[in-house]
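Input sequences plus hints: build the corresponding full structure.
All residue numbers for the sequence shown refer to our numbering, where the first residue is 482 and numbers rise by one.
Worth flagging that the hints you see were computed from the coordinates, not collected in a lab.
Quick caveat, the model's predicted, so the values are computed rather than measured.
Any given hint could turn out to be false.
[What the hints assert, rightly or not] Once the Cα atoms are required to be at most 25 angstroms apart in a straight line, the calculated SDA-like pairs of lysine to any residue come out as:
#1 Lys753 with Pro574
#2 Lys676 with Glu664
#3 Lys742 with Trp724
#4 Lys617 with Ala597
#5 Lys656 with Gln570
#6 Lys588 with Thr754
#7 Lys584 with Ala557
#8 Lys617 with Gly600
#9 Lys757 with Asp732
#10 Lys734 with Arg691
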Amino acid sequence: MPLGLPLGETCSFLFSFPMHAFPVLIPSFHRSGCQGTKPGTSRPLSNPLTQRSMKVIPSLLLSLLLCPVAGAKDHAKHLFVLSGQSNMQGHRPDEAFTPAVEKALGKDKVIVVQDALGGQPIHRWWKGWHDPQGKKAAQTGDLYDRLMGKVKPAVKGQKLASVSFVWMQGERDAKMGWGDLYEEALVGLHAQLAKDLGRNPKELTFVIGRLSDFDMSNKKYGHWTKVREAQVRVADSSPRYFWVDTDDLNDGKNRRGKEIKDDLHYSAEGYKTLGKRFAEACLKPIRK
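Here's what the structure looks like:
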């Protein structure tokens, strides 16, 4: 058996040989008794080949039994789903996020899907949302359906080793004064995605980009800090949930070359840093 072959390739190597290619592994039998036993006595002959074969056979059988499992695991991929409003729309996965996860996991082991739209509240994704009066919004879950319209074709026929959901949103809900509803909406959206992908919610990594320091006084967006706090509470509720700091990403030059300071949106370099931080958070549970 060649040394250094992955288990799946080792299985193929072993099965490529006929059984008679392993004479030393399978003892032959005769009318007078099992080879290795002297006729008329129960005392075994000292045959090192027979003794060695009896030790090798269990190991060989174990390797063969593990082949299908190992082969399936080797071909499983890691899915990363990214969505949200304008600051996710401004994020370009190919700049930093995708290269980082591909470097860590292998280019052929990664699926990245991103879909975002600026200025949208979370109810455009979570289908269970109701306003403070208990009324359902006119548009509920339509952007989630658009997102899944990209995710499902990307994973069709694929085995998934892990799923990570990256969320960068909340500005609109802060502006609308829906901060008290945001925690429930975040948890509900995560559970909704887990169900649709057939995953246990506890095993679906959740990475949340926390709102920046744009309006810490809540003068422009009344529930800015409420949404920030809700994002942190959700992220702290599970070992597979994380929040990413964005407070230092909204200074510098934006993509149009304009100098910004504590802006609602991030600088050109800020978006690259955001992608790196998203990737680092996603990789934490995968590397364990």
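Hint-by-hint comparison with the structure:
Of the pairs offered as hints, the one joining Lys753 and Pro574 holds, with about 9 angstroms between alpha carbons and a cut-off of 25 angstroms not exceeded. With a CA separation close to 19 angstroms, the supplied pair Lys676 and Glu664 stays within the 25 angstroms bound. Of the pairs offered as hints, the one joining Lys742 and Trp724 holds, with about 22 angstroms between alpha carbons and a cut-off of 25 angstroms not exceeded. With a CA separation close to 22 angstroms, the supplied pair Lys617 and Ala597 stays within the 25 angstroms bound.
Annotation: proposed proximity of Lys656 to Gln570 holds, straight-line Cα distance about 18 angstroms (limit 25 angstroms). Between Lys588 and Thr754 the alpha-carbon distance is near 21 angstroms, which keeps this suggested pair within the 25 angstroms criterion. This hinted pair checks out: Lys584 and Ala557 have alpha carbons roughly 16 angstroms apart, not beyond 25 angstroms. A threshold of 25 angstroms between alpha carbons decides the hint, and for Lys617 with Gly600 the separation of about 19 angstroms falls inside it, so the pair holds.
Distance restraint check for Lys757 and Asp732: the Cα-Cα separation of roughly 17 angstroms lies within the 25 angstroms cut-off, and the hinted pair is therefore satisfied. A threshold of 25 angstroms between alpha carbons decides the hint, and for Lys734 with Arg691 the separation of about 21 angstroms falls inside it, so the pair holds.
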